[in-house]
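> Sequence:
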Amino acid sequence: MLVAVKVIPVFEYEKRHQLIAELKALYNNLSAFPGAEGAETVRQSVACPELVCLYDAFMNPNEGNVSIVVEYMDGGSLQDIVDTGGCTSEVVLANISFRVLKGLAFLHSTHQLHRDIKPSNLLINHFGDVKVSDFGIVREMENSMAKATTFVGTLTYMSPERIASEEYSYKSDVWSFGLSIMTCALGKFPYSSRGGYWELLHMIRNEPPPRLPEGEFSDLFCDFLEKCLKKDQTERWSVKQLLKHEFIERYCGDQTATPSPGSRRTTDEDDADSKNVEDESKEQAEVDEIVQKVAEHYFKDAKELITEHGYTLDDIVAWIQLLPAMQKVKLSRFAEQIGASRALVCGKFQEAMNDLLIDIEEAYFDDTKQQSK
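Numbering (my numbering), first residue to last: 1010 to 1382.
Hint data in this document are derived by calculation from the structure and do not stem from the laboratory.
Just to be clear, a hint being listed does not mean it is correct.
27 Å max Cα-Cα, derived DSSO-like pairs, lysine-lysine [unchecked claim]: (1) Lys1236 with Lys1197; (2) Lys1302 with Lys1240; (3) Lys1239 with Lys1253; (4) Lys1015 with Lys1033; (5) Lys1312 with Lys1302; (6) Lys1033 with Lys1249; (7) Lys1253 with Lys1236; (8) Lys1197 with Lys1240.
The structure displayed is predicted, hence computed values, not measured ones.
Could you build all of it, start to finish, from the sequences and the hints given here?
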């Protein structure tokens, strides 16, 4: 099996910072090597199939670097499509857009900004998958309303608010995404680079956003990109809104569709649904009970690590946050054993760990107050 290996030196501060950011972002997509005992397919075993998955990381002390082993994408990147003249098929462009948006939706849901979306960081394989990669300058946000101010990333794909050194948030990734898709459609970067660095800055910041040539693409696709490339970030569509845009629905509707609320149903169908709901309720109750016992066990372990072994609260929080990713294979096996869906078990475990973090923090501060008395 082919893998990609990224080698990062650890003695340079910037590279070390990049390493930490990349590993933190990739850890949500930790996966066993395909073909290894207990391993599922990549699509089944990772949290988000639209991000490249992490297999392993190891250090070479003699060389002073860390190697990150990730999924190999054998089709290159969208930049290769751009370099060979671009792609004018709106079906293909919609599929690419849908998959990248799904990856960004996952990142944003975990309060992370990518900050370097561009064609060379959007990888493809021979299955038609498109995946977001290169998380070296990902910024972790405190919440969904948080803003960032640092100036990092690839200048040509930066949003106007970032060029202007203003506060920016998740919609800055949307601008970079829209510009990347337009570049892929045109086979060239939409802005002219003849004026050099300062002219490019001026155009991105002060001139109207680029548009597709009139008559060469559908109005639907043009509207989709216009929503991505609004200069005012308050008017720019979010990733969630773009996933519901008619352009995506038209070509990728079978991957996003939900049952029509007005569809006709038979009595037999209603009876079958009632039984399914009852079975699902029993299944969820059983999973809830088992997961609760596991959480209680971890709670006891955490208190012991703090009181008897000198671990700090930050140590415990970091450990618990990693548990869902660390236990993926075990959770999958557990789901098989009790006949429950893997998604249900992993979801319940994640919820339990989130609740556990709150319980431990409260217990820690209660103990601290008592000790201070």
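> Next step is simple, just say for each hint if it's right about the structure.
Here is how each hint holds up against the structure:
no. : hint                 : result
1   : Lys1236 with Lys1197 : holds (20 Å)
2   : Lys1302 with Lys1240 : violated (51 Å)
3   : Lys1239 with Lys1253 : holds (17 Å)
4   : Lys1015 with Lys1033 : holds (15 Å)
5   : Lys1312 with Lys1302 : holds (16 Å)
6   : Lys1033 with Lys1249 : holds (23 Å)
7   : Lys1253 with Lys1236 : holds (12 Å)
8   : Lys1197 with Lys1240 : holds (21 Å)
Comparing the model with each numbered hint stated earlier shows that hint 2 is the single one that does not hold.
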